Amino acid sequence: MSTADPRFAALLRRTLHGFFAAGLPPRFTLDVAPAGDVPGGSQPFAAFSRGGDCLHMAGDRCEGRFDYRRGAGTMTAPASPALVAAFVSAIALDYLLDDGGLVLHATAVVDAGWAVAFFGPSGSGKTTLAERLAGRGLAIVSDEAVVVRPAAEGWLAEGLPWRGRALRAPLAALVQLVQAPALAFEALDATALVRALAPNVYCTEEGGRQLGRALEIAASLAASVPCLRMRFARDHDVWPALLARLEAPAAMDAVP
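Start counting the sequence shown at 12; every next residue gets the next number (my numbering).
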(Lines of atoms letter the chains of each structure in order from A; the text may use other names.)
(Lines give C-alpha, C1' and ligand atoms only; values in the text may rest on other atoms or scores of the structure.)
Protein backbone atom coordinates (compact mmCIF):
# COMPACT_ATOMS: atom_id res chain seq x y z
CA MET A 12 0.00 0.00 0.00
CA SER A 13 1.37 3.41 -0.91
CA THR A 14 0.38 7.05 -0.52
CA ALA A 15 2.11 10.34 -1.27
CA ASP A 16 0.62 11.94 1.87
CA PRO A 17 3.10 11.47 4.77
CA ARG A 18 0.50 12.31 7.42
CA PHE A 19 -1.91 9.71 6.11
CA ALA A 20 0.93 7.21 5.73
CA ALA A 21 1.74 7.64 9.42
CA LEU A 22 -1.92 7.12 10.32
CA LEU A 23 -2.05 3.89 8.29
CA ARG A 24 1.16 2.64 9.91
CA ARG A 25 -0.37 3.15 13.36
CA THR A 26 -3.59 1.43 12.30
CA LEU A 27 -1.76 -1.55 10.80
CA HIS A 28 0.89 -1.88 13.50
CA GLY A 29 1.66 -5.54 14.12
CA PHE A 30 0.25 -6.76 10.81
CA PHE A 31 3.22 -5.99 8.56
CA ALA A 32 4.93 -9.05 7.04
CA ALA A 33 8.54 -8.02 6.55
CA GLY A 34 10.48 -9.62 3.71
CA LEU A 35 7.49 -11.05 1.86
CA PRO A 36 6.52 -9.89 -1.65
CA PRO A 37 3.12 -8.14 -1.79
CA ARG A 38 0.15 -10.15 -3.02
CA PHE A 39 -1.29 -6.97 -4.51
CA THR A 40 -0.67 -3.22 -4.46
CA LEU A 41 -2.97 -0.27 -3.81
CA ASP A 42 -2.11 3.40 -4.27
CA VAL A 43 -4.16 5.69 -2.00
CA ALA A 44 -4.65 9.38 -2.81
CA PRO A 45 -6.27 11.19 0.15
CA ALA A 46 -8.85 13.81 -0.87
CA GLY A 47 -9.05 15.96 2.24
CA ASP A 48 -10.21 15.05 5.72
CA VAL A 49 -13.41 13.30 6.72
CA PRO A 50 -16.01 15.89 7.79
CA GLY A 51 -16.49 15.93 11.55
CA GLY A 52 -19.15 13.54 12.80
CA SER A 53 -19.67 11.88 9.42
CA GLN A 54 -19.37 8.16 8.70
CA PRO A 55 -17.62 7.36 5.41
CA PHE A 56 -19.61 5.10 3.10
CA ALA A 57 -18.69 3.13 0.00
CA ALA A 58 -20.29 0.45 -2.15
CA PHE A 59 -18.54 -2.17 -4.27
CA SER A 60 -19.31 -3.77 -7.62
CA ARG A 61 -17.46 -6.35 -9.68
CA GLY A 62 -17.20 -6.12 -13.45
CA GLY A 63 -15.12 -8.85 -15.06
CA ASP A 64 -11.65 -8.78 -13.52
CA CYS A 65 -12.12 -5.35 -11.90
CA LEU A 66 -13.53 -4.35 -8.53
CA HIS A 67 -14.98 -0.85 -8.29
CA MET A 68 -15.61 1.29 -5.21
CA ALA A 69 -17.90 4.32 -5.18
CA GLY A 70 -19.16 6.43 -2.31
CA ASP A 71 -19.11 9.77 -0.55
CA ARG A 72 -16.19 11.67 -2.13
CA CYS A 73 -14.40 8.40 -2.86
CA GLU A 74 -13.75 6.10 -5.77
CA GLY A 75 -11.48 3.18 -6.45
CA ARG A 76 -10.63 0.56 -9.02
CA PHE A 77 -8.71 -2.68 -8.62
CA ASP A 78 -7.59 -4.92 -11.49
CA TYR A 79 -7.16 -8.56 -10.43
CA ARG A 80 -5.26 -9.39 -13.63
CA ARG A 81 -2.55 -6.87 -12.72
CA GLY A 82 -2.86 -7.24 -8.97
CA ALA A 83 -2.92 -3.46 -8.64
CA GLY A 84 -5.39 -0.69 -7.94
CA THR A 85 -5.91 2.94 -6.99
CA MET A 86 -8.33 4.79 -4.77
CA THR A 87 -9.12 8.42 -4.03
CA ALA A 88 -10.91 9.11 -0.76
CA PRO A 89 -10.95 11.30 2.34
CA ALA A 90 -8.13 10.46 4.75
CA SER A 91 -10.08 7.73 6.50
CA PRO A 92 -8.54 4.40 7.56
CA ALA A 93 -12.10 3.02 7.55
CA LEU A 94 -12.48 3.61 3.81
CA VAL A 95 -9.07 2.11 3.09
CA ALA A 96 -9.99 -0.84 5.30
CA ALA A 97 -13.22 -1.37 3.40
CA PHE A 98 -11.55 -1.39 -0.01
CA VAL A 99 -8.57 -3.50 1.06
CA SER A 100 -10.92 -5.99 2.73
CA ALA A 101 -13.07 -6.23 -0.39
CA ILE A 102 -9.99 -6.77 -2.57
CA ALA A 103 -8.42 -9.31 -0.24
CA LEU A 104 -11.60 -11.35 0.21
CA ASP A 105 -11.41 -12.74 -3.33
CA TYR A 106 -7.78 -13.73 -2.81
CA LEU A 107 -8.72 -15.41 0.47
CA LEU A 108 -11.60 -17.34 -1.13
CA ASP A 109 -9.29 -18.45 -3.93
CA ASP A 110 -6.90 -19.75 -1.26
CA GLY A 111 -9.71 -21.69 0.44
CA GLY A 112 -10.24 -19.32 3.38
CA LEU A 113 -13.19 -17.44 4.89
CA VAL A 114 -13.93 -14.34 6.92
CA LEU A 115 -16.50 -15.20 9.58
CA HIS A 116 -18.76 -13.05 11.73
CA ALA A 117 -17.14 -14.58 14.79
CA THR A 118 -14.99 -14.20 17.85
CA ALA A 119 -11.91 -16.33 18.45
CA VAL A 120 -9.85 -17.04 21.54
CA VAL A 121 -6.45 -18.68 21.97
CA ASP A 122 -5.56 -21.00 24.83
CA ALA A 123 -2.40 -23.13 25.09
CA GLY A 124 -1.52 -22.30 21.49
CA TRP A 125 -4.87 -23.39 20.00
CA ALA A 126 -7.79 -21.28 18.79
CA VAL A 127 -11.52 -21.81 19.16
CA ALA A 128 -13.81 -19.67 16.99
CA PHE A 129 -17.40 -18.88 18.05
CA PHE A 130 -19.77 -17.66 15.35
CA GLY A 131 -23.29 -16.32 15.28
CA PRO A 132 -25.31 -13.23 14.40
CA SER A 133 -25.28 -10.00 16.38
CA GLY A 134 -26.82 -10.62 19.78
CA SER A 135 -25.76 -14.26 19.97
CA GLY A 136 -23.31 -13.51 22.78
CA LYS A 137 -19.94 -13.41 21.01
CA THR A 138 -18.65 -10.26 22.68
CA THR A 139 -19.94 -11.20 26.14
CA LEU A 140 -18.36 -14.64 25.84
CA ALA A 141 -15.06 -13.14 24.66
CA GLU A 142 -14.99 -10.83 27.68
CA ARG A 143 -15.65 -13.73 30.06
CA LEU A 144 -12.93 -15.84 28.48
CA ALA A 145 -10.49 -12.94 28.57
CA GLY A 146 -11.15 -12.88 32.31
CA ARG A 147 -9.88 -16.47 32.38
CA GLY A 148 -6.65 -15.32 30.78
CA LEU A 149 -7.38 -16.42 27.22
CA ALA A 150 -6.11 -14.21 24.38
CA ILE A 151 -8.82 -12.64 22.22
CA VAL A 152 -8.09 -12.68 18.50
CA SER A 153 -11.23 -10.67 17.66
CA ASP A 154 -14.77 -10.28 18.93
CA GLU A 155 -16.25 -9.39 15.53
CA ALA A 156 -14.53 -10.93 12.49
CA VAL A 157 -12.08 -13.82 12.16
CA VAL A 158 -10.20 -15.28 9.21
CA VAL A 159 -10.07 -19.08 8.98
CA ARG A 160 -7.78 -20.52 6.34
CA PRO A 161 -6.21 -23.87 5.47
CA ALA A 162 -2.61 -24.40 6.49
CA ALA A 163 0.01 -27.09 5.87
CA GLU A 164 -1.57 -29.09 8.69
CA GLY A 165 -5.17 -28.30 9.56
CA TRP A 166 -6.64 -24.79 9.65
CA LEU A 167 -5.60 -21.45 11.14
CA ALA A 168 -7.66 -18.73 12.84
CA GLU A 169 -6.27 -15.21 12.69
CA GLY A 170 -7.22 -11.60 13.30
CA LEU A 171 -7.78 -8.84 10.77
CA PRO A 172 -6.03 -5.46 10.93
CA TRP A 173 -9.32 -3.60 11.22
CA ARG A 174 -11.23 -6.08 13.40
CA GLY A 175 -8.83 -7.71 15.80
CA ARG A 176 -5.27 -8.37 16.88
CA ALA A 177 -2.25 -9.71 15.04
CA LEU A 178 -2.71 -13.22 16.44
CA ARG A 179 -2.96 -16.57 14.71
CA ALA A 180 -3.19 -20.12 15.98
CA PRO A 181 -4.24 -23.57 14.76
CA LEU A 182 -8.02 -23.89 14.81
CA ALA A 183 -9.14 -26.53 17.32
CA ALA A 184 -12.91 -26.09 16.93
CA LEU A 185 -15.63 -23.99 15.34
CA VAL A 186 -18.64 -23.36 17.59
CA GLN A 187 -22.07 -21.94 16.71
CA LEU A 188 -23.58 -19.90 19.56
CA VAL A 189 -27.28 -20.28 20.38
CA GLN A 190 -28.91 -18.67 23.42
CA ALA A 191 -30.74 -21.20 25.63
CA PRO A 192 -31.54 -21.72 29.34
CA ALA A 193 -29.41 -24.86 29.68
CA LEU A 194 -25.89 -25.63 28.49
CA ALA A 195 -25.84 -28.27 25.76
CA PHE A 196 -23.63 -29.32 22.85
CA GLU A 197 -24.34 -30.91 19.48
CA ALA A 198 -21.88 -31.90 16.79
CA LEU A 199 -22.53 -30.37 13.37
CA ASP A 200 -21.95 -32.39 10.23
CA ALA A 201 -21.03 -30.71 6.94
CA THR A 202 -24.63 -30.04 5.90
CA ALA A 203 -25.57 -28.53 9.26
CA LEU A 204 -22.41 -26.40 9.36
CA VAL A 205 -23.03 -25.01 5.88
CA ARG A 206 -26.58 -24.02 6.86
CA ALA A 207 -25.35 -22.43 10.10
CA LEU A 208 -22.45 -20.56 8.49
CA ALA A 209 -24.35 -19.21 5.47
CA PRO A 210 -25.56 -16.01 7.23
CA ASN A 211 -22.24 -15.60 9.06
CA VAL A 212 -19.70 -15.40 6.23
CA TYR A 213 -18.55 -12.04 4.90
CA CYS A 214 -19.22 -11.36 1.21
CA THR A 215 -18.77 -8.03 -0.56
CA GLU A 216 -20.57 -8.81 -3.81
CA GLU A 217 -24.24 -9.13 -4.59
CA GLY A 218 -25.22 -12.41 -6.16
CA GLY A 219 -24.08 -15.88 -5.27
CA ARG A 220 -20.52 -16.20 -6.60
CA GLN A 221 -18.65 -15.42 -3.38
CA LEU A 222 -21.23 -17.07 -1.13
CA GLY A 223 -21.23 -20.24 -3.20
CA ARG A 224 -17.45 -20.49 -2.94
CA ALA A 225 -17.59 -19.74 0.79
CA LEU A 226 -20.06 -22.55 1.42
CA GLU A 227 -17.90 -25.00 -0.53
CA ILE A 228 -15.06 -24.05 1.80
CA ALA A 229 -17.31 -24.48 4.83
CA ALA A 230 -18.05 -28.07 3.81
CA SER A 231 -14.33 -28.87 3.61
CA LEU A 232 -13.78 -27.15 6.96
CA ALA A 233 -16.36 -29.44 8.58
CA ALA A 234 -14.40 -32.47 7.38
CA SER A 235 -11.21 -31.28 9.10
CA VAL A 236 -12.16 -29.40 12.28
CA PRO A 237 -14.61 -30.29 15.09
CA CYS A 238 -17.75 -28.19 14.57
CA LEU A 239 -20.31 -27.82 17.35
CA ARG A 240 -23.49 -26.02 18.27
CA MET A 241 -23.36 -24.70 21.83
CA ARG A 242 -26.60 -23.75 23.55
CA PHE A 243 -25.86 -21.58 26.55
CA ALA A 244 -26.95 -18.70 28.74
CA ARG A 245 -24.78 -15.60 29.03
CA ASP A 246 -23.96 -16.30 32.69
CA HIS A 247 -22.72 -19.86 32.01
CA ASP A 248 -19.04 -20.64 32.57
CA VAL A 249 -18.80 -22.62 29.35
CA TRP A 250 -15.06 -23.11 28.91
CA PRO A 251 -14.48 -26.19 31.14
CA ALA A 252 -17.52 -27.96 29.68
CA LEU A 253 -16.50 -27.09 26.12
CA LEU A 254 -12.98 -28.43 26.64
CA ALA A 255 -14.41 -31.64 28.09
CA ARG A 256 -16.64 -32.09 25.04
CA LEU A 257 -13.79 -31.48 22.63
CA GLU A 258 -11.75 -34.14 24.41
CA ALA A 259 -14.63 -36.64 24.10
CA PRO A 260 -16.25 -35.98 20.70
CA ALA A 261 -17.83 -39.43 20.59
CA ALA A 262 -20.19 -38.29 23.34
CA MET A 263 -21.90 -35.96 20.84
CA ASP A 264 -24.33 -37.10 18.18
CA ALA A 265 -23.87 -35.32 14.87
CA VAL A 266 -26.75 -33.07 13.82
CA PRO A 267 -27.72 -33.70 10.19
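Bear in mind the hints are in silico, worked out from the structure with no lab data behind them.
Because the structure is a prediction, the values reported are computed rather than measured.
Built from N, CA and C at the ideal position, the CB exists for glycine as well.
Be aware that a few hints might be false.
[Claimed, not checked] Each pair of labels, with its calculated beta carbon distance range:
1. E142 to A83: 37 to 43 Å
2. A201 to T138: 24 to 30 Å
3. A177 to E142: 16 to 22 Å
Taking the hints in turn, this is what the structure says about them:
{"no.": "1", "hint": "E142 to A83: 37 to 43 Å", "result": "41 Å, holds"}
{"no.": "2", "hint": "A201 to T138: 24 to 30 Å", "result": "28 Å, holds"}
{"no.": "3", "hint": "A177 to E142: 16 to 22 Å", "result": "20 Å, holds"}
Consistency note: the structure conflicts with none of the earlier hints.
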